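Enquirer: Listed here are the chains, written in short residue letters.
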Amino acid sequence: MVDIIFILTPILLGYIFGSIAEKNHYKSIQEREKKFMRLPTISLKTPLNPDNITRSRLVVGNVVISVDYFKRVLAGLKNIFGGNVTSYETLVDRARREAILRLKEDAKGASEIINLKLETSSINKSAKGTIGSIEIFAYGTAIYRK
Amino acid sequence: MIITNIESIPNRKIVDHFGVVSGSTVRAKHVGRDLMAGLKNVFGGELKGYTELLSESREEAMDRMTAQAKSLGANAIVNVRFSTSSVAAGAAELYVYGTAVKIV
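Going down the list, the sequences are from chains U and F.
Residues 26 to 171 in our numbering are what the first sequence spells out, letter by letter.
Residues 14 to 117 in our numbering are what the second sequence spells out, letter by letter.
Derived by calculation from the structure, the hints in this document are not laboratory data.
Just so it is clear, the structure is predicted and the values come from calculations on it, not from any experiment.
We put the beta carbon where it would ideally sit given N, CA and C, even for glycine.
Accuracy of the hints is not assured; some may be wrong.
[As the list claims (entries may be wrong)] So these bits of chain F aren't anywhere near chain U, every CB distance computed over 10 angstroms: (1) 26; (2) 39; (3) 71; (4) 73; (5) 110; (6) 112.
[Unchecked claim] Simulated crosslink set (SDA-like; lysine to any residue; CA at most 25 angstroms straight-line): (7) U:142 to F:32; (8) U:70 to F:21; (9) F:26 to U:146.
Just chain U, with the same shape it has in the complex:
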């Protein structure tokens, strides 16, 4: 009986807190994405327009985000049947969008960000090969104009 409580408590806690955290995170991402809609962020290597450029600078943004225990269990079950592991899909989606938003916050006053690169690394790998948490690192060159 005690064993079952030990197994179920983290799953339940993970489900409750994890879903609240995810919902709030998506809400804040959407709000901030609206705010930065005017700042073009592209993966081209040349500026959209070569005129009036005053300076350019490397800008970065990173985030480390962890999946909750409930979703990890769910993903473990998915490993048996195969198919899309939705719980990890939302995790990387949130992390990428957050990293790009932080990059944009770093580039205050820029007219555009070019050559955006995204790098993913999983840290804190657990023994069974499941990912515990991932880091997304975004970097690019901010272009400032007159």
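Model the placement of chain F on the given structure of chain U, informed by the hints.
Expert: Here is chain F on its own, set in the frame of chain U:
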């Protein structure tokens, strides 16, 4: 020191190349942060301690790269790339490299 990850610096002219410059740091997380991360693994969400740790380490790697470029007499670094690799369990290497140039 101007740093970009494109091949040139807009509206400036590259007059001299000094070759590849690089900087790296190997960082391990400390116990306190690890403990918090363990809790977060249950609840989910951002691991702020790790985010800070990694951005600090990258900054340090970049400082080392800039110091190397300065000693060569460069005043800008172009085509900067980052790479991350885990050396051992609990430690990560952050590596940054680019081409040191002189611009006018």
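Enquirer: If a hint holds in the structure, say so; if it does not, say that too.
Expert: Consistency of the hints with the structure:
1. With 10 angstroms as the threshold on Cβ separation, the claim that residue 26 of chain F sits away from chain U holds: the shortest Cβ distance comes to roughly 13 angstroms.
2. Distance check for residue 39 of chain F against chain U: the nearest CB is about 13 angstroms away, which clears 10 angstroms, and the non-interface claim stands.
3. With a least beta-carbon separation of about 7 angstroms from chain U, residue 71 of chain F fails to lie farther than 10 angstroms from that chain, contradicting its non-interface assignment.
4. Distance check for residue 73 of chain F against chain U: the nearest CB is about 13 angstroms away, which clears 10 angstroms, and the non-interface claim stands.
5. Look at residue 110 of chain F: its CB is around 13 angstroms from the nearest CB on chain U, clear of 10 angstroms, so calling it non-interface holds up.
6. Chain U leaves residue 112 of chain F outside its interface by the beta-carbon criterion, the shortest separation being 13 angstroms against a cut-off of 10 angstroms.
7. A distance of roughly 22 angstroms separates the Cα atoms of residue 142 of chain U and residue 32 of chain F; the hinted pair therefore holds under the 25 angstroms criterion.
8. The suggested pairing of residue 70 of chain U with residue 21 of chain F holds, with an alpha-carbon distance near 9 angstroms, which does not exceed 25 angstroms.
9. The straight-line distance between the Cα atoms of residue 26 of chain F and residue 146 of chain U is roughly 35 angstroms, outside the 25 angstroms bound, and the hint therefore fails.
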